[in-house]
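> The lines below spell out each chain.
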Amino acid sequence: MERVNRGADQHRTEIQEAKRRKRERILIVLTVLIIVILTFAENRFFRSQVDWGASNDFLIFGLININIILILFLVFLIIRNVVKLVFERRRGILGSRLRTKLVTAFVSLSLIPTVILFLISINFLSYSIENWFSIKIGDALDQTIELAHLHYQQTEDQAKFYAGQISSDITLNQLYDQDRDEFLVNLAQLKQKNFKLGYLQISFDNREKNIVFSDPNFPKVPGDLFTAKVREDLYAGKEVSIVKPSAAGDVITVLVPIYSHISPYEVIGYVFVGSLVPKQIVDKITVVSNTSEAYSQLRLFKNPIKLNYIVTLSIVTLLIVFSATWFGLFLAKGITEPIQDLAEATHKIAEGNLDHQINIVAEDEIGVLVDSFNQMTKDLKKSKESLQLANADLEERRKYMEAVLLHVSAGVLSLDKNGVVTTINRAAELMLDMQATDVLNRPCSGMLTADNMSVINELLDDVSTSGRGVVEKQIELTIRERPLTVLVTITVIHESKGQNLGMVMVLEDLTQLQKAERAAAWREVARRMAHEIKNPLTPVQLSAQRLQRRYSEKLGDDGEVFKECTDTIISQVEVLKNLVNEFSRYARMPVTTPVLNDLNATVHDPILLFQDAHKEIAFEFNPGQDIPPLYLDAEQIRRVMVNLLDNAVAAMNKAEGRIEVTTGYDSEARKARVAIADNGCGVPSRHTTKIFEPYFSTKKSGTGLGLAIVSSIIADHNGSVTVRANIPSGTVVAFELPVPEMAGEHEEIKQSGIG
Amino acid sequence: MGTKKTSQSVIITFILIFVFVLASCAKNGQINDIMVMDDMSDVLVYARLQNIQKGDTEKLIYAGVPINCTFYVNFYRECPYWFDQRLSHLVVRNAIKYDNVKKNIYVTTRLNEKEMETSEFRDVDMAEVYLLEMNGISVIKIRALNKGEKYYVTIKAKIEKDQHSRFVKYILLFLPFMETETNWYRKEFIWKG
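If you read the sequences in order, they're chains A and B. If you count the first sequence from 1, position 308 lands on 308 in my numbering, and the numbers rise without skipping. If you count the second sequence from 1, position 80 lands on 80 in my numbering, and the numbers rise without skipping.
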């Protein structure tokens, strides 16, 4: 679940990252576009002659600032991407190395020529600008302007000179007197002609009319010449010159005061001389003047102009470099992203996620690669599913075989060709009293005792020597001092090509079957013996008694011997009858009728009887707790207890005899157990395999049927009897009785208190 | 989220830069010697702009860059219970221009963009003094005033380069830092008849 969540989180993060990157790309493109548009707009404003009004400053300044901010923003975005790339490379993220190489290549390819071009351009520009402002051009322009200025100055000075001469003539000759008007007019006319004056005017304060002579081509004199300042200067004795533009050219007007002869400092009038600088000359001078002015301004703004070009070039260079960087990042991303996706997809597929598909739509080789990869993933998924189905089928079969092996009553072992145990089923474990974990993947030679293994090894030798591949033989084993009769079938396994893969050993427990067969045989023997022997015994006994009664007194002294002999016959026949009765009882074992009974109560009764009869022996009864009621024939179980206690008492050969009876319940095995332990002489181990056979006894007066009857009764109850030595001395005979399901449920109900 | 933050940062940066620029165009210079008087027919205003940073003004003048000094004059009647009433508004623009042929400096005075007079100077200092002065400009006719009422004049001056000059565009980026604009100055006037 956590893994699924982690996967979902990762997917969500990837989507967010992709969206963010897309936004960044759009931002970068927009920024570049806005910078270009704004730069164009700024250029338009710069070049425009239209008056944009007072807001122009702020508009242009705002545009420049926006551009700077946008450039900074672009720089930030690209530097951020580059830093991110560096960190990705350090963290070893897939594709980051290739992307770094591509970006480095792009930046190098663009940076080197751009920087070289930038440096050359700056140098070239600086050189050109310095050339524009070379001293020669400046001097030439200055000299030209100076020439123009001199021309004006000269014209003005000349006009002043002529005006001064006329003024002096008038003063010297006192032509201001009204009676000399004729001389004055003649003088003015003469001077105007001689000096080639464009305009000559002579005015006096005390006359209303002025004397005026002018060239017909001379333009009309402007009326606003005589300002207060001009009049003030004039009557203060100063020569005044004024330049006024007109349609024909610039008019240089000079006003020179006329003094009185009598009073030389008294200004009584003025001479007004006008000279024309023709329009052709004025226009040319204007052109030169404008050029000189422009050049001066240009010289003044040399550094700002240079800076302006450098800034523009720098911006362009930066734009190229950052555009190349961004393009490198973009292109590298386009190449590395599918590779990264492929690598990630490979990881995911390696982790087992075969549903993963790469969602990249591309028409190029990457697209073909992605399609092939996706197809491969699909094929892998199909193969895996088929494999899983086959595995599941095999697993089912294996489980079925295991179940068969587990539930089969025969023990099954398989050995590989080296004799290592590869399989052992539950029946074999129980039969051979071993745990699978102790023998699996270990050589079979160590799984049994040396005696048992020698028997098994003989069989294995038989298999290899016979050449038939199969050996079947009944063998006797002793497992924890318990005799075991086993029918062993060993089969060699060959694969289809005939290669030896090992062998399978099937063990069939014949112990109980053999015991039952023996018991049945013995019952048959007992029944026949009882039938054949008992019938003649009664006539023999009766005849002996009759002989004793009739002839014992008659024989006199021999009568004693006779009586003695007949008594012996009668007693021995009685013994024989008892023996035959025992055989008869053994042969005619009543049918077991089990009903639900309390095991402890059933067992306890015979103990009490024996306790009363044998005071010298200490009997101890340890009843087990929680033993559920059992289906058992109480009478027969008591008989079992009597036989076992009888044997235990008989085995006592010392003063402090002790018999301990213990009952218990194994809830897992669902078996009730009764163990009779004594500290008597014990049973030799060689007899343990035979003590349950009829007519086998270690006692002098025993019939040898007691334990046979015990075994028979317990077998009728589907139980089992075992004998083992008691430590330090004596024997423990124990029998186990199965607890039926009903009894178990009854027990659970009883415990829970519901029933 | 990241882009939103970035956009906010960009906008804030832009605003900060804009505010910084406006603050950089700090008003400097003072208008002194403000006089408001009447000559029986008009109310005349006199003022002089002083304490300005001249910098390379002289060089600019000799290079032929026209420089303007504009006075904005408002004449108000004070109204005790209402907004003050503006009776007139004038824009007096003195423009200085150097003629490199005649070696003269001309200062042209325009009242509300109408040329009033042009003065000729040989000396740039004299021309600069004349440029920064407003001499006896009639702001309103006397007949428009009422005896004993309170009036006042507000004046603001601004020095700027003529941006139509062909190369001023190259230093346009730095222009706001080179130009001067004063605060508004106020001078009371009571016509006593």
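These are computed hints drawn from the structure, not numbers from a lab. A portion of the hints provided could be inaccurate.
Stated by the list, open to error - Computed list of lysine-lysine pairs in BS3-like fashion (alpha-carbon distance at most 27 Å, straight line): (1) A:Lys279 / B:Lys103; (2) B:Lys150 / A:Lys238; (3) B:Lys187 / A:Lys160; (4) B:Lys103 / A:Lys160; (5) A:Lys229 / B:Lys97; (6) B:Lys102 / A:Lys229; (7) A:Lys302 / B:Lys97; (8) A:Lys84 / A:Lys22; (9) B:Lys150 / A:Lys220; (10) B:Lys150 / A:Lys229; (11) B:Lys102 / A:Lys244; (12) B:Lys150 / A:Lys302; (13) A:Lys302 / A:Lys279; (14) B:Lys97 / B:Lys150; (15) A:Lys19 / A:Lys220.
Bear in mind the structure is a predicted one, so any value in this text is a computation, not a measurement.
> None of the hints should be skipped; say for each whether it holds.
Hints, one by one, checked against the model:
no., hint, verdict
1, A:Lys279 / B:Lys103, "holds, 19 Å"
2, B:Lys150 / A:Lys238, "violated, 47 Å"
3, B:Lys187 / A:Lys160, "violated, 48 Å"
4, B:Lys103 / A:Lys160, "holds, 19 Å"
5, A:Lys229 / B:Lys97, "holds, 20 Å"
6, B:Lys102 / A:Lys229, "holds, 19 Å"
7, A:Lys302 / B:Lys97, "holds, 21 Å"
8, A:Lys84 / A:Lys22, "holds, 15 Å"
9, B:Lys150 / A:Lys220, "violated, 50 Å"
10, B:Lys150 / A:Lys229, "violated, 37 Å"
11, B:Lys102 / A:Lys244, "holds, 11 Å"
12, B:Lys150 / A:Lys302, "violated, 53 Å"
13, A:Lys302 / A:Lys279, "violated, 33 Å"
14, B:Lys97 / B:Lys150, "violated, 39 Å"
15, A:Lys19 / A:Lys220, "violated, 81 Å"
The structure shown violates the earlier hints numbered 2, 3, 9, 10, 12, 13, 14, 15.
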